[in-house]
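S.K.: Heads up: the protein sequence lines correspond to chains A and B, in order.
Residues in the first sequence are numbered consecutively from 1, following full-length UniProt numbering.
Residues in the second sequence are numbered consecutively from 1, following full-length UniProt numbering.
Hints in this document: simulated from the structure, not taken from any laboratory.
Mixed in with the good hints, there may be bad ones.
Copies of the same chain are indistinguishable here, so a pair counts whether it falls within one copy or spans any two.
Below 30 Å or equal to it, Euclidean Cα-Cα: the simulated DSS-like pairs (lysine-lysine) are [claimed, not checked]:
id, residue 1, residue 2
1, K110, K339
2, K109, K395
3, K238, K109
4, K222, K114
5, K267, K328
6, K156, K339
7, K114, K401
8, K156, K267
9, K212, K121
10, K36, K267
11, K331, K109
12, K41, K342
13, K226, K52
14, K331, K222
15, K109, K430
16, K222, K49
17, K301, K114
18, K430, K222
19, K41, K339
20, K226, K373
21, K114, K458
22, K109, K41
The residues making up each chain are set out below.
2 protein chains.
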Amino acid sequence: MAAKNLDTFFYPQTVAVIGASGRNGSVGFTIFQNMKRARIKKLFAVNPKHGKVQGITSYESIMLVPRRVDLAVIALPSSKVPQALEECMRARAKAAIIVSAGFSETGEKKATAKIEELLRKNMGTLVMGPNCVGVLNTANNLDTTFFERDRMSAPKKGTLAFISQSGALGSMILDWSGTQRFGISKFASYGNAMGIDEADLIEYLGRDDETKVITAYIEGVKEGRKFCRVAREISRKKPIVVLKGGRYESTTRATASHTGSLAGSAKVYDAVFRDAGIIQADDLTDLFAVAKLLEQQPLPKGKRVQIITNGGGFGIIAADQVVGEGLKLAKPAASTARKLGKIMPRATISNPMDLLGDADARKYEAAINAALKDRNNDIILVLCLFNLPTLDAGKLALALKRARKRSGKPIVAIAIGSEYTERRMNQIEKSGVSTFNYPGVAAKAISKMAQYAQTRKK
Amino acid sequence: MAAKNLDTFFYPQTVAVIGASGRNGSVGFTIFQNMKRARIKKLFAVNPKHGKVQGITSYESIMLVPRRVDLAVIALPSSKVPQALEECMRARAKAAIIVSAGFSETGEKKATAKIEELLRKNMGTLVMGPNCVGVLNTANNLDTTFFERDRMSAPKKGTLAFISQSGALGSMILDWSGTQRFGISKFASYGNAMGIDEADLIEYLGRDDETKVITAYIEGVKEGRKFCRVAREISRKKPIVVLKGGRYESTTRATASHTGSLAGSAKVYDAVFRDAGIIQADDLTDLFAVAKLLEQQPLPKGKRVQIITNGGGFGIIAADQVVGEGLKLAKPAASTARKLGKIMPRATISNPMDLLGDADARKYEAAINAALKDRNNDIILVLCLFNLPTLDAGKLALALKRARKRSGKPIVAIAIGSEYTERRMNQIEKSGVSTFNYPGVAAKAISKMAQYAQTRKK
């Protein structure tokens, strides 16, 4: 079966919001308001009650809209959705997002059956939802979600795609991502997946040049065989990281009432994901930490980590996390110890490599370069206490930029602190090195990256 | 042996900084500058080279200082420390903090032996360090650390005490704590522990009315028997949470070159900590998450958690973390389901209890009250998507405040987002409920709290 071209969801030129509203606070109001910011050619309001919606002419039905619609967003009570969808199909709309909830997830049968019937007729309209918040594209500011901008921040532009079966969870993550050092290319929430499902989205994003890594929150896979085929194909060229919701018998039950998913046992999913080359995340932080690493760093050749630090205790905590996550502490080569011993006689050239509290960017650069040349390690983990007066973050960022260009080893930097340190970490992140705050989060992500690298080799 | 009274470290009236400096950027400069902010009676500078230091008269030796000194802070090169310490003892200073590094942790023997000899003579001066950053007390703004205030934020006042063998790590944590929703009562870094050790500090903080929970970063315990005796006694009335640095064979070696600790095997420590009633943390986040919970919430009677949410996917993720951490998902009583089913016919009264996206504070309050009365659970976990327009954080905070007063069950709230959500979580935190951002962090902390509650019962 040919892949569905989902461009019409992410790059529509003409969009109609069915249920667009002038009543502040309503879903139809917020969607229409958010959509006004999108860089598209034409936005139409469809609402039988109003002559104008938010200053824009409103039509009684999509069939009266004077142009063919690329994307219709349906925000109506569930009982009215089937008719609206049928009209979208008759008007030859290329795609429709059904935001409305109240279908299979609540046990509702009539409206669900009608939508199923319309989809079986396959009148050429691609359908996403129902029970979802739709799509967001940072490239053209398209945003069909119904969250007010003053309640949530827009995600930064980046190259991580994120798909979420749950719309509210997806939106919450988009909001949170604004505070993190990674950006989003495209987002889609596909809800009950009556039309477009997670496999269609993964297939599409696998071919999307603006996406380097695909992240997903999935409660239940719609069609097992299709999912496996697609995931296996895409994961060969682009990493897919999945957080599975409902990982235990006692928690899978909840997914049925949430997105109508009939989730199989966690063990079955584990096997399917492994077989398909998917990286499984343990929680939300983990999902984006490993995705960020895979997006930014080259794959490591092995799992030996060299830690470089200006704080002994911090180094030991990181070393504990590295070992705890199944990675190995590298043993620096004798030549590395000799070379660095001459420059920093008091430093401990071991692992952690403790450059001591008075280390400056020059000493860091010497240590990083020596470690990059050392064949005894595969991954460099640089810890920084920016509170210490001798370490200049700007100079360190330049050193890390040179190191990043010179070497094929992944380089990760960690620092924790308040505003002062966070500003410095933003500088460091720009060097092309991946930055994290917590050693535990970083070590787990590095471990999963190393496992993925081994799988890819096979 | 009687407990050492460490009040003179935390509440000194007269302080002398030996090595106080006028040279901006030096350790002696920053310590003296930070100490000028402390609410003490008199601050003296000791420095043979200057007539005045930062505008304050400087003395050649502590022996020339016209008053008896409660606390001397020694910030000199290691070779000059023994003489300075001897002078402190002769001047009958009550306590001395040796900030200087370069002792047993670097293999230096001469200065170390001289300090040992002075300590054996026991001339009545209590000694902390060497190789530490000293103490901080949020009650009187006392701060002997050598970090510039524009590089690190001051911790908030609170009731968690924190002791850290590593000074730099301790300072980094103090800095970070300013961004978190918990506060610090007292901090001490004791470095090589030649005089005051972790057991002395735990004993002192165990009797400190301003401290509710003791947290510690420990690389190696100085005297095993003394530590066990003290920890066993204190942990009976006040929780002690410890992060052990060097938890594996490959990482314990690093502690020797850091604080000169001869760390025993991780298994021995695990047994000692368990026997002493100490809660062991797995990483930095965990250390303060569990301490914060123990500080703020009553101990749970069991480990059955009831989740209440307005976002289905968020509820499922939290449920996965709860089960993953060894806690149990409570099963709501039939009466709870009946009661709430009348108020919210569309909501899923199960676990997670999904109040749906249009839930307001009134529905939350009904659900929370029903859950608090329900005998089938021990802990209430409230998840909030504040991005959804119907949930008013102010009203929810009031409802949670009433709930907190009414019930003896721990109540925890979780939300993730950006600024909008963080501001709301600050409101919620004031209600007396404990707030977290990540379900994984919260679930792990709840699990450790439940384990501790069981241990305490015995």
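S.K.: Run through the hints listed earlier and report the numbers of any the structure violates, in increasing order.
M.R.: 2, 3, 6, 7, 8, 9, 10, 12, 13, 15, 16, 17, 18, 19, 20, 21 and 22
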